[in-house]
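> Quick note: the sequence shown, position 84, residue 100 per my numbering, numbers continuous.
Hint data in this document are derived by calculation from the structure and do not stem from the laboratory. Any given hint could be a false lead.
[Unchecked claim] With a straight-line cut-off of 25 Å between C-alpha atoms, the simulated PhoX-like cross-links for lysine-lysine are:
#1 K20 to K98
#2 K67 to K20
#3 K20 to K185
#4 K68 to K98
#5 K160 to K98
#6 K103 to K68
#7 K185 to K160
#8 K133 to K70
#9 K133 to K68
#10 K70 to K103
#11 K20 to K113
#12 K70 to K160
#13 K67 to K103
#14 K103 to K133
#15 K98 to K67
#16 K185 to K113
#17 K113 to K68
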Amino acid sequence: MFPKFPERRFSVIYADPPWDYRGQLQHAGVGSGDTGGAARHYPTVRLSDLKKLKVASIADDDCLLFMWATNPHLDQAVELGKAWGFKWATVAFVWDKVRVNPGFYTLSQCELCLVFKRGRIPMPRGARNVRQMVRSERGPHSQKPEEVRRRIEEMFPSQSKIELFARTKSAGWSSWGLEITDL
Numbered sequence: 017m018f019p020k021f022p023e024r025r026f027s028v029i030y031a032d033p034p035w036d037y038r039g040q041l042q043h044a045g046v047g048s049g050d051t052g053g054a055a056r057h058y059p060t061v062r063l064s065d066l067k068k069l070k071v072a073s074i075a076d077d078d079c080l081l082f083m084w085a086t087n088p089h090l091d092q093a094v095e096l097g098k099a100w101g102f103k104w105a106t107v108a109f110v111w112d113k114v115r116v117n118p119g120f121y122t123l124s125q126c127e128l129c130l131v132f133k134r135g136r137i138p139m140p141r142g143a144r145n146v147r148q149m150v151r152s153e154r155g156p157h158s159q160k161p162e163e164v165r166r167r168i169e170e171m172f173p174s175q176s177k178i179e180l181f182a183r184t185k186s187a188g189w190s191s192w193g194l195e196i197t198d199l
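Can you make the complete structure from the sequences, with help from the hints?
This is the structure in structure tokens:
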């Protein structure tokens with residue numbers, strides 16, 4: 017289903033997995049109809065299939081994995097990071113989307129970018145203690161704030177970086193995914 021991984025290894029891997037919602041659509045409230053869902057924008061992938069991706073094969077011995085996790089998939093994200101050969105570390109970024117989405121329990125306004133570690137933190141380090149909270153109004157479906165990528169670059173300016181499940185190219189990053197591949 018996916019293109020072949022690159023032959024090289026990276027110190028920083030940034031991923032926004034196409035989480036499977038089993039066809040569930042989002043609704044903006046009574047009388048507003050559906051506002052879409054992941055499956056309307058890109059092919060979603062079951063956790064069992066995401067686990068089969070050999071991400072460890074492109075990870076340096078010392079590597080960080082920054083992974084976006086929607087709230088309903090938080091447990092799956094931790095499981096996936098471990099399946100890819102990483103150890104759970106912490107929440108790297110909390111994205112305040114400014115505008116809320118309806119949720120089953122509370123209004124959904126934030127999304128988490130988790131960080132996992134393989135070996136040690138890649139050296140040399142750049143900026144330390146960058147801010148965790150990112151306040152940026154959400155854009156098109158599933159598009160993540162550019163500010164997160166910028167903060168990762170501040171922290172690790174000289175490391176090799178790849179974005180998995182990429183939709184656009186970013187200067188200084190390799191890109192891999194169904195919509196774009198730049199190896």
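> A separate judgement is required for each hint: does it hold in the structure or not?
Here is what the structure says about each hint:
no.: 1; hint: K20 to K98; verdict: holds, 21 Å
no.: 2; hint: K67 to K20; verdict: holds, 15 Å
no.: 3; hint: K20 to K185; verdict: holds, 17 Å
no.: 4; hint: K68 to K98; verdict: holds, 12 Å
no.: 5; hint: K160 to K98; verdict: holds, 23 Å
no.: 6; hint: K103 to K68; verdict: holds, 17 Å
no.: 7; hint: K185 to K160; verdict: holds, 13 Å
no.: 8; hint: K133 to K70; verdict: holds, 16 Å
no.: 9; hint: K133 to K68; verdict: holds, 19 Å
no.: 10; hint: K70 to K103; verdict: holds, 15 Å
no.: 11; hint: K20 to K113; verdict: violated, 33 Å
no.: 12; hint: K70 to K160; verdict: holds, 24 Å
no.: 13; hint: K67 to K103; verdict: holds, 15 Å
no.: 14; hint: K103 to K133; verdict: holds, 5 Å
no.: 15; hint: K98 to K67; verdict: holds, 9 Å
no.: 16; hint: K185 to K113; verdict: holds, 23 Å
no.: 17; hint: K113 to K68; verdict: violated, 31 Å
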